[in-house]
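Undergrad: Residue numbers (my numbering), protein chains in the order written: chain Y, -16 to 112; chain D, 22 to 319.
Simulated from the structure, these hints should not be mistaken for lab results. Keep in mind that a hint or two might mislead.
In silico DSSO-like pairs for lysine-lysine, Cα to Cα no more than 30 Å straight-line [unchecked claim]:
1. K101/D <-> K42/Y
2. K42/Y <-> K56/Y
3. K114/D <-> K42/Y
4. K136/D <-> K42/Y
5. K101/D <-> K12/Y
6. K42/Y <-> K55/D
7. K136/D <-> K56/Y
8. K56/Y <-> K114/D
9. K138/D <-> K12/Y
10. K38/D <-> K42/Y
11. K136/D <-> K55/D
12. K138/D <-> K56/Y
13. K136/D <-> K12/Y
14. K12/Y <-> K55/D
15. K55/D <-> K72/D
If you want the building blocks of each chain, they are given just below.
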Amino acid sequence: MRITQGCFSFLPDLTDEQISVQLEYCLSKNWAVGIEYTDDAHPRNTFWEMWGNPMFDLKDPKGVMMELADCRKLHGDSYIRFNAFDSTRGFETVTMSFIVNRPKVEPKIRMIRQEVDGRSQRYSFETVR
Amino acid sequence: MSETIDLRAEFENSGVKAVLDELDTEMIGLAPVKARIRETAALLLVDRARKQLGLSTETPTLHMSFTGNPGTGKTTVAMKMAGLLHRLGYVRKGHLVSVTRDDLVGQYIGHTAPKTKEVLKKAMGGVLFIDEAYYLHKPDNERDYGQEAIEILLQVMENNRDDLVVILAGYADRMETFFQSNPGFRSRIAHHIEFSDYTSEEMGRIADSMLGAQNYKFTPAAKAAMDEYIAARKALPHFANARSIRNALDRARLRAANRLFTTAGKVTAEALSTIEDVDIRASRVFQGGLAHERKAAK
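Start from the sequences, fold in the hints, and give me the full structure.
TA: Dropping the structure here:
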């Protein structure tokens, strides 16, 4: 099942060129870009693993793309996303986040129903491969 | 007949002419350097025209080495170079990242590669200027982490030729030994540009323009004193061309301020922006330098 999180996730996967253009936009706004990856794209899993520190003071998207290439080499079959941080409020706030890499086979999300307290229903979700 | 390109118009429209003119007016002397930069600019322009007409071109190797004595304008020219390459479209952003060994080499195992990569990422799309590049290689210590930085640099210089231009700078003789022990660098650097020392006359003009930029001026007597100062300073050790001149002027301003403070009560703008000859003649250079230098001379 296609995971839809962050910007552009209802569009077809972005090509590297398109990713570069998006990065260009982020850098033009002076946002720092961080790379994160995970193998568990459960909607409640908001903390993904960081790939290095967020990158400050970059001028050109190529710097981020180099890191992405390194990350893909190791975690090619995971989800990888870019987070752009804006610091105008005095602390880093995520202003833009988009997925740049997906595993070949994406996990499904299954809903589980549980009966509790008489006939009440409890719902939860889990990712299944 | 086939399509034509007006190189002259290209030269003026691309903004290259503006950079070269700026170089000519702002940088005094340095004739061989200017000639080399002009040649490089011509090559890049012709290459660009070839590309527009569909002739096959390879991205030329633009990595450079600037060699010359201290204070001969290597950093300043590198900054202009970044602007030039940007206007010609060979680097995308045209910023200059200036680093030394400290910024590239780490302190413990595994610290160097991330540090070097960090700098390279920042320099992407611009020019990476490595000042005193020979410190990267320490022949007496084979476990020195500098070697690791050199290897990463070489790799990126080869693979990311479209993304950044590396300029190495340093003193001529030490750069020579550096290149001898790292043949990989020599072959990846196409342009070796030598910066010659300034003549006394050129240095006099540099002093004038530096003062002018700070809204000061010499009296005629002070100008003569400055010329004498330059001749005397050149004979002393640790002479660093334009940088020595800048330091001398800073000290002269200090003395001028002190003179005004102790003598005059009310001052005019004229007095505040004039350097008198006493301000320069008070320099220790006229007595043969600092105490230990005088001793050494004896």
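Undergrad: Please go over all the hints and tell whether each is borne out by the structure.
TA: Hint check results:
Simply put, K101/D and K42/Y have alpha-carbon atoms about 18 Å apart, close enough for the 30 Å limit, and the pair holds. For the hint pairing K42/Y with K56/Y, the CA-to-CA distance comes to about 24 Å; that is within 30 Å, so the pair holds. Taken as a hint, the K114/D and K42/Y pair is honoured in the structure, with Cα atoms around 7 Å apart against an allowance of 30 Å. A distance of roughly 17 Å separates the Cα atoms of K136/D and K42/Y; the hinted pair therefore holds under the 30 Å criterion.
About 26 Å separates the Cα atoms of K101/D and K12/Y, which keeps this hinted pair within 30 Å; it holds. Distance hint between K42/Y and K55/D is fulfilled; the C-alpha atoms sit about 28 Å from each other, no more than 30 Å. Restraint check: the Cα-Cα separation between K136/D and K56/Y comes to about 20 Å, which is no more than 30 Å; the hinted pair holds. For the hint pairing K56/Y with K114/D, the CA-to-CA distance comes to about 28 Å; that is within 30 Å, so the pair holds.
About 23 Å separates the Cα atoms of K138/D and K12/Y, which keeps this hinted pair within 30 Å; it holds. The suggested pairing of K38/D with K42/Y holds, with an alpha-carbon distance near 25 Å, which does not exceed 30 Å. Note on K136/D and K55/D: the hinted pairing is violated, with a Cα-Cα distance of about 34 Å set against a maximum of 30 Å. With a CA separation close to 16 Å, the supplied pair K138/D and K56/Y stays within the 30 Å bound.
Taking the CA atoms of K136/D and K12/Y, the gap is near 25 Å; set against the 30 Å cutoff, the hint holds. Using a Cα cut-off of 30 Å, the hinted pair K12/Y and K55/D is violated, with the two alpha carbons roughly 36 Å apart. The suggested pairing of K55/D with K72/D holds, with an alpha-carbon distance near 26 Å, which does not exceed 30 Å.
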